[in-house]
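K.L.:
Listed below, chain by chain, are the residues.
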Amino acid sequence: MNFVSLNYNLFLLCIVILYYILPKNIRWYSLLAGSFLFYFIAAKEAVVPFIAMIILSYCGSRIISCACTRTVRYRKYIFILFIILVTLPLFFYKTVFSPDTLTAPLGLSFFTLQILAYLSDIYTGKIYPQTNFFRYALFVSFFPQILQGPIPRYEQLGIQLFTGHPFQEKNFVKALQLILWGFFLKLMVADKAAVIVNTVFDNHELYRGCYVILGGSLYSIQLYADFLACVTLAQGAAALFGIYLTDNFNHPYFASSIHDFWRRWHISLSTWLKDYVYIPLGGNRKGTLRKYVNLIITFLVSGMWHGNGFQYIAWGLFHAFYQIIGAFTLNFRESLYKLLGFAPDNFFKKHIRRVFTFFLVTLAWIIFRADNLNTAFSMIGSVFTVHNPWIFFDDSLFTLGLSWKELLILFASVGILSVSSTLQEKICIRDIIIAQPMIIRWSIYIAAITAVYVFGTYGFEFHTQDFIYGGF
Amino acid sequence: MKKNIVFAIKGSLFLFLLGIILFIINRTLVPKYFINTSWPTTSTYLGFYEMPENSVNVLFLGSSHGATAFIPQELYNNYGITSYNLCCEQQNLVTSYYWLKEALRFQKPKAVVLETFYLFNNQFDSSEPYIRKAIDYMKWGNVKRQAVDDICTIDTNQSKSSYYFTNQRFHTRWSELSEDDFSYSQMSGHYEMKGFSTMFNQINENDYVPLLIGESSETADIPELMQQYMEKINALCNENGITLILVKNPTTSQKINEHNATQQLADTLNVPFYDFNTMQLYNDIAFSFEEDMIDTGHPSLKGAIKITNYLGKILQTDYDIAPQINDAWEDTRYAYSCLQLSSNLKHVPDINTYLDCLKLMKEQYSIFITLKNDGIDCLDETVSQGFNDLGLSFNLNKGDSTTYIAIITPENIYENVSNISLEAKGTIRSGIVQYQITSVINEKKRPSCSIQLDEKEYAKNYKGLNIVVYDNMTKDVIDSVSFDTASIGIPSLR
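Protein chains in written order, with this note's numbering: chain A, 17 to 488; chain B, 60 to 553.
These aren't lab readings, by the way, just hints derived from the structure by calculation. Heads up, the beta-carbon is just placed ideally off N, CA and C, and yes, glycines get one too. Do not rely on the hints blindly, as some may be mistaken.
[Unchecked claim] The calculated EDC-like cross-link candidates involving lysine to aspartate or glutamate, where the alpha carbons are at most 20 Å apart (straight line), are:
#	chain 1	residue 1	chain 2	residue 2
1	B	Lys62	A	Asp291
2	B	Lys167	B	Asp377
3	B	Lys515	B	Asp530
4	A	Lys421	B	Asp240
5	A	Lys421	B	Glu389
6	B	Lys61	A	Glu185
7	B	Lys169	B	Glu422
8	B	Lys69	A	Asp447
9	B	Lys203	B	Glu187
10	B	Lys160	B	Glu148
11	A	Lys142	A	Asp291
12	A	Lys421	B	Glu238
13	B	Lys69	A	Glu185
[To be verified] Example chain B residues on the side facing chain A (calculated, C-beta under 10 Å, incomplete):
#	residue
14	Lys62
15	Asn63
16	Leu76
17	Leu77
18	Leu88
19	Val89
20	Glu187
21	Ser221
22	Phe224
23	Asn226
24	Gln227
25	Leu438
26	Thr441
With the sequences and hints as input, model every part of the structure.
P.N.:
Dropping the structure here:
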């Protein structure tokens, strides 16, 4: 069930109604029932392995907890055993050992990391395990976030799930605002950009040079809008029940370095990797060389988590090397800025760094999106060898699947995303809308709904694209 | 609790308001094919629901080959038979079946005439846009629900929900919306032709040879789906005591094996079959493929009149469809005669006849007249009288420097004669269409003229009187002609 499908939204409506008509102390049962029903409808063939994972990890959590409290001698090995057992399915599906015909259970990448963090936090004593099996099952299976995260931590999500939240108009409206914004991001930005991106990447032999720059840049936007849309829809759906899911993005394309980018992009995964891979490996506490090795390993894991193609590994390594080279050249770059007369906090310097970071990220995304490594390098190579800048001035852009009117809508939508991101750094737009008189509020909502309804990329001839991160 | 109730009321109000807006948007986005288009499917189906209950005695069903061949008004004028043409482009038998079923909710026809072109068509999938044309304007009810279910089962590329939520199918039309999309209330009232699609041109080439019955006994295979729906149509007719009549209009695609197969099927179903491709029927109606067709499969107005009159005769004599008088058909006699005049206008060579036609139709037309003066010596009193009858004074001085422009609209008449260049600008149809008209004499005495509508040039700019006729109902220029006023007989040029 796609988050923008009619079926899903009707399903969500039913669960919301059920949630609020139940007494507060048992409201979480509706979430549990809804989550399992959702998983059954979306991937009934994976229900058994999914439940098996929940049972296994629940048992693991109880055993690790017991071992820790009784200071059992081999508790470390017990912990490692369960970590291996829980990781095995992900390892199987996400490596080259996995047959192409085998599809990973829905949400495997996300709930595996969620379980690993949970077990690890129990082992380190950060949290106590959930003793009620059904509550634990709800924590793992909570349907708005199971497909694409954000990857929750038990201490953040657990208590919210089991508390019966009262209906609050303001929160409910803010949740609906999030859902509307998610629809906008998905149908007006991501899926519209996908039309051009697919044309360029699926016909990479034909589209070279500046087409790759355009296709790559739009893919950067598509991926961000798509993933942000899914997370926003998940946050919106959860907020309908009064549950707050953490933000997964902090305007990543405003980053002024790759290091900064990873503080803003897929935050729940980045912090997971930092907390459970990078820091356990020693982080930056064991010297510069070890720090770089740890960085490479962390991004290697990140690449492998995304898929079993070499391009994902290459993409991860690209980001590791970006940061290593960035660290090596930091002094040189700062000297260069100084030589050119830029003050440390100069406005233009900040934007030059942003553009350059976006360019580097886009190159890596080309590797990420391409069918394989050879294709990726061939496409990137053509950026530097094929000279065709006129495509931005003649009508070539209109042959890529979108008419000039559609292209205008796409650029306007990207503009809205960009402006709202800038404003969002200083103010909360949703709160400002809520504070307006009813006629203004309703006008804004109706205009937004109408715009997505008319200009969105969906329906006949446009098969709404699956959420990209749903594939991971 | 009180706060929650207030919220529920506000929410319901918001959803109601939103629903109305989305309904209006959907109505705007769904394609419309009114009488100003070649295939006015929308007018056909909207108009059908406007017919008085149980007033239609004969129904026509089938594809475009039937839409251009059966003229309900001709049938009424000559035989008093009240009929309605429910044919449309690429209407396959599945669509025909459901439209028959729908029609029976409102009418009790005595006969159904089915054009069988689509009996041999197996390309159901490729007909999606045409199926939509036919089904989208069917009223919601059990029949439409069944039709949607069946269509989406047969063509799995179609989605049921897109029939209920038409935005799924048509929201991308936002970039191609035209005047018609915003004139629903104005245009939906024009269904005077009762489903007949008028075609004016003629093919002027003829490789067509009528079929000789018995020249071969081969039979073509009828696709299973079409056979199945033909049987369902027959069963439905039998249940309702309706005479089903199969007809095949002249077309180059009709082969003897298809004729034989259709005849065999007709015999099995015990229904009559009239194939106008057979030598005997073709000659009986004095059909000329060269003159009576607009292409290889669709009759022109002239051809349609021949086919309709033949059917009228047999419906009256062989199937006892009695003549009757009904206002719904009486009221459209004038519209039909206008249609015939309009269709003829571009073929009228004589200026006096032309002016007579304009006089008859001036309530419906906007007429633009300008003079490219290279001699007006051949204008005589009869021609001047013709212009007078249009409401113009037409006092032209017989000199080389005379310029002249005139604009006749249903609302007013503008006319100017001078010895210097003339220009007039304005709008017709209450400001919707802009015009600019000139009659120019320059310093070197070189005349020219121009008639622009919405910045598009329509005048022939040949010497003499240049006339452009705009049909206010179909919203289109229907003729542009020049009459050479310097030559004897005032010949026309187009």
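K.L.:
Can we keep the B:Leu438 interface hint, with Cβ of chain A closer than 10 Å?
P.N.:
Hint violated; B:Leu438 Cβ to chain A Cβ min 50 Å, cut 10 Å.
K.L.:
Under 10 Å, Cβ to Cβ, is where B:Glu187 needs to be relative to chain A, so tell me if that hint holds or is violated.
P.N.:
Status holds, d = 9 Å.
K.L.:
Between B:Lys167 and B:Asp377, is the straight-line Cα distance small enough, at 20 Å or below?
P.N.:
At roughly 19 Å apart (the allowed maximum being 20 Å), B:Asp377 and B:Lys167 satisfy the hint.
K.L.:
For the hint on B:Lys62, does the least C-beta distance to chain A fall short of 10 Å?
P.N.:
holds (7 Å)
K.L.:
Measure nothing beyond the straight line between the CA atoms of B:Lys61 and A:Glu185; if it is 20 Å or shorter, mark the hint as holding.
P.N.:
Holds, because 12 Å separates the two Cα atoms, which is no more than 20 Å.
K.L.:
With a cut-off of 10 Å, does the beta carbon of B:Thr441 approach a beta carbon of chain A closely enough for the hint to hold?
P.N.:
Cβ of B:Thr441 sits 54 Å from chain A, so the hint is violated.
K.L.:
Holds or violated: is there a CB of chain A closer than 10 Å to the CB of B:Asn226?
P.N.:
holds (6 Å)
K.L.:
Can you confirm whether the C-alpha distance between B:Lys515 and B:Asp530 stays at or below 20 Å?
P.N.:
Measuring from Cα to Cα gives roughly 16 Å; hence the hint holds.
K.L.:
Is the Cα-Cα distance between B:Lys160 and B:Glu148 20 Å or less?
P.N.:
holds (19 Å)
K.L.:
Between the alpha carbons of A:Lys421 and B:Asp240, is the straight-line distance 20 Å or under?
P.N.:
holds (18 Å)
K.L.:
Please verify whether A:Lys142 and A:Asp291 have alpha carbons no more than 20 Å apart.
P.N.:
OK: A:Lys142 and A:Asp291 at ~12 Å, within 20 Å.
K.L.:
Straight-line Cα separation of B:Lys69 and A:Asp447 no greater than 20 Å?
P.N.:
Holds: B:Lys69 and A:Asp447 sit about 19 Å apart, inside 20 Å.
In summary, the numbered hints that this structure violates are 1, 5, 7, 19, 25, 26.
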